[in-house]
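Q: Chains as they are written, first to last, in the numbering used here: chain A, 19 to 377; chain B, 19 to 377.
A hint or two may mislead.
Chain copies aren't distinguished; within one or between two, either way the pair holds.
To be verified - Each computed EDC-like pair below joins lysine to aspartate or glutamate, with the alpha-carbon atoms no more than 20 angstroms apart:
1) 68 x 317
2) 68 x 58
3) 78 x 40
4) 68 x 238
I should point out that these hints are in silico values taken from the structure, not numbers from a laboratory.
There are 2 protein chains.
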Amino acid sequence: MANIAIVGAGFMGTAVAYPLADNGHTVRLVGTHLDNEIIESCQQRHFHPKLKRELPPGVKSYFVDDLAEALASVEIIVSGVNSLGVHWFGQTIGPHLKPGQLIIAITKGLEAAANGDLRILPDVLADELPENIRDQVKLAAVGGPCIAGELAGRRQTCVVYGSRDAETVERLAAIFRTSYYHIWTTLDLVGLEVCAALKNAYAMGVGIANGLLEKSGGPDAAGTYMHNLAAGIFGQACTEMSHALQLIGGTPAFAYGLPGAGDLYVTCMGGRTVRLGRLLGMGHTLTEATEMMAGETLESVEIIRTMGAALPNLSARGLVDLKNFPLIQTLADIVIREQRVNLPLNIFFHMVQLANKAV
Amino acid sequence: MANIAIVGAGFMGTAVAYPLADNGHTVRLVGTHLDNEIIESCQQRHFHPKLKRELPPGVKSYFVDDLAEALASVEIIVSGVNSLGVHWFGQTIGPHLKPGQLIIAITKGLEAAANGDLRILPDVLADELPENIRDQVKLAAVGGPCIAGELAGRRQTCVVYGSRDAETVERLAAIFRTSYYHIWTTLDLVGLEVCAALKNAYAMGVGIANGLLEKSGGPDAAGTYMHNLAAGIFGQACTEMSHALQLIGGTPAFAYGLPGAGDLYVTCMGGRTVRLGRLLGMGHTLTEATEMMAGETLESVEIIRTMGAALPNLSARGLVDLKNFPLIQTLADIVIREQRVNLPLNIFFHMVQLANKAV
Chain A
19 MANIAIVGAG
29 FMGTAVAYPL
39 ADNGHTVRLV
49 GTHLDNEIIE
59 SCQQRHFHPK
69 LKRELPPGVK
79 SYFVDDLAEA
89 LASVEIIVSG
99 VNSLGVHWFG
109 QTIGPHLKPG
119 QLIIAITKGL
129 EAAANGDLRI
139 LPDVLADELP
149 ENIRDQVKLA
159 AVGGPCIAGE
169 LAGRRQTCVV
179 YGSRDAETVE
189 RLAAIFRTSY
199 YHIWTTLDLV
209 GLEVCAALKN
219 AYAMGVGIAN
229 GLLEKSGGPD
239 AAGTYMHNLA
249 AGIFGQACTE
259 MSHALQLIGG
269 TPAFAYGLPG
279 AGDLYVTCMG
289 GRTVRLGRLL
299 GMGHTLTEAT
309 EMMAGETLES
319 VEIIRTMGAA
329 LPNLSARGLV
339 DLKNFPLIQT
349 LADIVIREQR
359 VNLPLNIFFH
369 MVQLANKAV
Chain B
19 MANIAIVGAG
29 FMGTAVAYPL
39 ADNGHTVRLV
49 GTHLDNEIIE
59 SCQQRHFHPK
69 LKRELPPGVK
79 SYFVDDLAEA
89 LASVEIIVSG
99 VNSLGVHWFG
109 QTIGPHLKPG
119 QLIIAITKGL
129 EAAANGDLRI
139 LPDVLADELP
149 ENIRDQVKLA
159 AVGGPCIAGE
169 LAGRRQTCVV
179 YGSRDAETVE
189 RLAAIFRTSY
199 YHIWTTLDLV
209 GLEVCAALKN
219 AYAMGVGIAN
229 GLLEKSGGPD
239 AAGTYMHNLA
249 AGIFGQACTE
259 MSHALQLIGG
269 TPAFAYGLPG
279 AGDLYVTCMG
289 GRTVRLGRLL
299 GMGHTLTEAT
309 EMMAGETLES
319 VEIIRTMGAA
329 LPNLSARGLV
339 DLKNFPLIQT
349 LADIVIREQR
359 VNLPLNIFFH
369 MVQLANKAV
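With these hints in hand, go ahead and build the complete structure from the sequences.
A: Written out as structure tokens, the structure reads:
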């Protein structure tokens, strides 16, 4: 049995405590400075207010001030912070790290260098670690479709763990895997993270259809929705994920597997990302929409901002054909330039025409 | 302006009358022998009872007995029959065909030869046409995400038209395309049809998650569903579509574009295919479930039956690795062998492991 600390007590960080506890591991859940109310509830009532569920038996909760105590003699540290917290996470746990420890991140996102080069968050995290320990710990990350509440509810869930180190990823999978939490493993950490990050951007795009429906007066007299439009956006999204995998260097098949299409599908089924898309589809600007969602972390906005800033630089360097990314550019116009939604459907689906040329 | 006859007055056949009429074409809607009630309503009230919507102005409706009159001097014939009606359609229109006419099929399905070879329905249809006309008409088909009711409601819709003949498919796209009915074109008729057929099979698989949820007592106290499982099945479905495209010979990118992931997404959003999956997920056998849905055409069952019969033959001939198709085989066990649902998740996502070997 292993000792495991989860840093970040939000939805997903806490959710992985359930399979871990079910496997008999010792789990310590550490809130960040944003999680104080959650940890209070966890300590006093053993109840997670966001997941609306009791913590698994045996899981011990810690305020961030007690991080050192929580990290003592752990084999594995789970990064449960969101994409904005990666630098903080690295700086904060760095001084406590011991050689041989494994770090697995549930955080999704990408960062762009000034020249447009895109970097996955585990690499961003590694840069924050003290140099004398950086190469003595192993990093991994999680991808694939997983709504946290369902995992905490012990619903059947299929995910992919990735690490550049085979031993690390197999060890982690063996520790986390249960009868309901099915884990496949990959050495393609980059491809996995590209999909995990981009699916948030594209799910916001799919969510726009809900808002356009509402703006048009909702379902019509015959009871029809705007699923056709949502599905068109979904198809373009998967296609653009495949281009991003090519660009950044990931397994092409991920675009149409668990990490890409699978994770995008689950993200479209509800949650803050599609709610934001809905508000934008209704005609609100990003500023208006995010004010209406005050207090919610919107990772979709971050990843769209990152991609929107990176793509022109990558294009200027001849690394990318912008014709392959009309949807994310449209989303970037909304996020960066505060444009109201106006989907240029006629420049989507460039791939269909490309396929013609190949035939 | 063109004269166009639509044969088959169900949901989708009738739905394409709306963009055609909006473009000012002359549209004749011909019911099959199964559509008599529909045509009665269309003739008497100009109202389509299934679409729950008035026909577009100018569309004229015909009983099947008046087929010859309806087909007189048309440029284009739309096959609006379902996959079970393809042979009938070919035999029935054959004697009326004139050189140069275009036939576009909205029918989705595949047929298998005794040796397992899979054939797209436009080719099955061609075989039914009289030999002296077969090479003098051009065939095309429609793929991509399109719920008929939404098209009839003039909701934004993005589809792909395919034909082996470039002039044919461009002519058809020009005639059908409107400001809300966006049409891309492909010469890869086979790839388009493979996706269009298989998405029905796989959407039934995704629908199973709804039934398993219901069987387990529905959403739990924390309000969680089984979207993770549905998304896992969705990801596996897209992956298997990519294998099928490789097997039969279609554009690989279709698996993660409009014809594959896009069309699968829209099919998962509702309708009879996911309702059948739900009943199966609840624990009913196929016989029980289809009795509960008496009167509804279940094309998903037909395509699963076809694939389930073809795959072992293709495997015996060394043309297919069955490890790449665990989901469709599971669905075939349910459909052909009346097994109750039992998803072997642990043999899914073989692609993730394959990707490892490639890294």
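Q: Is it within a copy, between copies, both, or neither that the alpha carbon of residue 68 lies no farther than 20 angstroms from that of residue 58?
A: within (13 angstroms within a copy, 56 angstroms between copies)
Q: Within a copy, between copies, both or neither: where do residue 68 and residue 317 come within 20 angstroms Cα-Cα?
A: within (18 angstroms within a copy, 42 angstroms between copies)
Q: As a check of your reading, is residue 78 near residue 40 (CA-CA no more than 20 angstroms) within one copy, between copies, both or neither?
A: Answer is within: at 14 angstroms inside a copy they meet the 20 angstroms cutoff, but 65 angstroms across does not.
Q: Go through the copies and call it for residue 68 and residue 238: within, between, both or neither, with a Cα cutoff of 20 angstroms.
A: Between copies only: 15 angstroms across chains, 35 angstroms inside a chain, cut-off 20 angstroms.
This entry satisfies every hint, going by the numbered hints stated previously.
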